[in-house]
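Visitor: So the chains spell out like this:
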Amino acid sequence: AQTVTQSQPEMSVQEAETVTLSCTYDTSESDYYLFWYKQPPSRQMILVIRQEAYKQQNATENRFSVNFQKAAKSFSLKISDSQLGDAAMYFCAYRSRGVEYGNKLVFGAGTILRVKS
Amino acid sequence: NAGVTQTPKFQVLKTGQSMTLQCAQDMNHNSMYWYRQDPGMGLRLIYYSASEGTTDKGEVPNGYNVSRLNKREFSLRLESAAPSQTSVYFCASENYGYTFGSGTRLTVV
Chain A
86 AQTVTQSQPE
96 MSVQEAETVT
106 LSCTYDTSES
116 DYYLFWYKQP
126 PSRQMILVIR
136 QEAYKQQNAT
146 ENRFSVNFQK
156 AAKSFSLKIS
166 DSQLGDAAMY
176 FCAYRSRGVE
186 YGNKLVFGAG
196 TILRVKS
Chain B
982 NAGVTQTPKF
992 QVLKTGQSMT
1002 LQCAQDMNHN
1012 SMYWYRQDPG
1022 MGLRLIYYSA
1032 SEGTTDKGEV
1042 PNGYNVSRLN
1052 KREFSLRLES
1062 AAPSQTSVYF
1072 CASENYGYTF
1082 GSGTRLTVV
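Protein chains in written order, with the working numbering: chain A, 86 to 202; chain B, 982 to 1090.
Take these hints with a grain of salt, some might be off.
Quick partial rundown of chain B residues pointing at chain A, CB under 8 Å, derived from the structure [what the hints assert, rightly or not]:
no., residue
1, Ser1012
2, Gly1021
3, Met1022
4, Leu1026
5, Tyr1029
6, Val1069
7, Glu1075
8, Tyr1079
9, Phe1081
10, Ser1083
No more than 25 Å apart at the CA atoms, straight line, and that leaves these computed lysine-lysine pairs for DSS-like [claimed, not checked]:
no., chain 1, residue 1, chain 2, residue 2
11, A, Lys158, A, Lys140
12, A, Lys140, A, Lys189
13, A, Lys163, A, Lys140
14, B, Lys1038, A, Lys189
15, A, Lys155, A, Lys140
16, A, Lys158, A, Lys189
17, B, Lys1052, B, Lys1038
18, B, Lys1052, A, Lys189
19, A, Lys189, B, Lys990
Just so you know, these hints were derived from the structure itself, not from any lab.
All values derive from a computational prediction rather than experimental measurement.
C-beta: ideal position from N, C-alpha, C; glycine also.
Make the full structure from the sequences, and use the hints.
Guide: Below is the structure:
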């Protein structure tokens, strides 16, 4: 079974600075998807960024980028120019590409990000 | 508004009571899911339905039942609530991308 580990329960960053959230995963598959989700206090689950394992290029969405290291099974999220609105719980998630696994998402435990003004 | 609608948003139950969490999506998605979120554990899959008429157990199915009533609706039932089922519950649907409901905070006392 696949597992996702987020080793940082909580992180802090100063407004306008850069922060990196860590995620590692374990799988025997070669093709899969990885995601970062943001959950603000409203509880809403918001997709931040998505990476397909067969793509070597790291995904980027505005101030958010990932460092995808397939061999090391590592998928970190970098947030540049941090803003107060970035404060939230962040979840790393894994999804098999094969439909036989039902397209289920496997989540890490989450990292609380606090942004200081 | 298109999306996933969950009801209720909050609920308090006494131990042993039963209830059904409702979920409906209007995006014509085939797959639907129920997750629970607990502190320090992320979201864990309870049950899922890959298509209308099928349901399968996830990681933590004990104490729950589900019904995929039609393509739109996927309900989660607690037959005899226990304090260990105190959690935030999320419904989601998927078709090349996940859409989550706004969650139900359930407290069992």
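Visitor: Hint by hint, say whether it matches the structure.
Guide: Hint check results:
Interface restraint check for Ser1012 (chain B): the shortest CB-CB distance to chain A comes to about 6 Å, inside 8 Å, so the restraint holds. At about 5 Å, the closest approach between the beta carbon of Gly1021 (chain B) and any beta carbon in chain A falls short of 8 Å, and the interface hint on this residue holds. Interface restraint check: Met1022 (chain B) against chain A, minimum CB-CB distance 6 Å, threshold 8 Å, status holds. Taken as an interface hint, Leu1026 (chain B) checks out: its beta carbon lies about 6 Å from the nearest beta carbon of chain A, inside 8 Å.
Below 8 Å, beta-carbon pairs count as interface contacts, and Tyr1029 (chain B) has one with chain A at about 5 Å; its hint therefore holds. Given hint, Val1069 (chain B) at the interface with chain A, holds; its Cβ is 7 Å from that chain's nearest Cβ, closer than 8 Å. The interface hint given for Glu1075 (chain B) holds, since its Cβ lies 5 Å from the closest Cβ of chain A, which is under the 8 Å cut-off. Interface hint at Tyr1079 (chain B): satisfied, since its Cβ lies 6 Å from the closest Cβ of chain A, which is below the 8 Å cut-off.
Hint status for Phe1081 (chain B): holds, given a least beta-carbon distance of 4 Å to chain A, under 8 Å. Look at Ser1083 (chain B): its Cβ gets to within about 6 Å of chain A, closer than 8 Å, so that hint holds up. Note on Lys158 (chain A) and Lys140 (chain A): the hinted pairing holds, with a Cα-Cα distance of about 14 Å set against a maximum of 25 Å. For the proposed pair Lys140 (chain A) and Lys189 (chain A), the alpha carbon gap of about 21 Å is at most 25 Å, so the pair holds.
Between Lys163 (chain A) and Lys140 (chain A), the direct Cα distance comes to roughly 18 Å. Compliance with the 25 Å bound is thereby established for this hinted pair. About 11 Å separates the Cα atoms of Lys1038 (chain B) and Lys189 (chain A), which keeps this hinted pair within 25 Å; it holds. Our distance criterion of 25 Å between C-alpha atoms is met by Lys155 (chain A) and Lys140 (chain A), whose separation comes to about 10 Å. Restraint check for Lys158 (chain A) and Lys189 (chain A): satisfied, since their Cα atoms lie roughly 19 Å apart, inside the 25 Å limit.
The suggested pairing of Lys1052 (chain B) with Lys1038 (chain B) holds, with an alpha-carbon distance near 18 Å, which does not exceed 25 Å. Restraint check for Lys1052 (chain B) and Lys189 (chain A): satisfied, since their Cα atoms lie roughly 18 Å apart, inside the 25 Å limit. At roughly 24 Å between alpha-carbon atoms, Lys189 (chain A) and Lys990 (chain B) fall within 25 Å of each other, so this suggested pair holds.
Violated hints for the displayed structure: none, as all numbered hints are satisfied.
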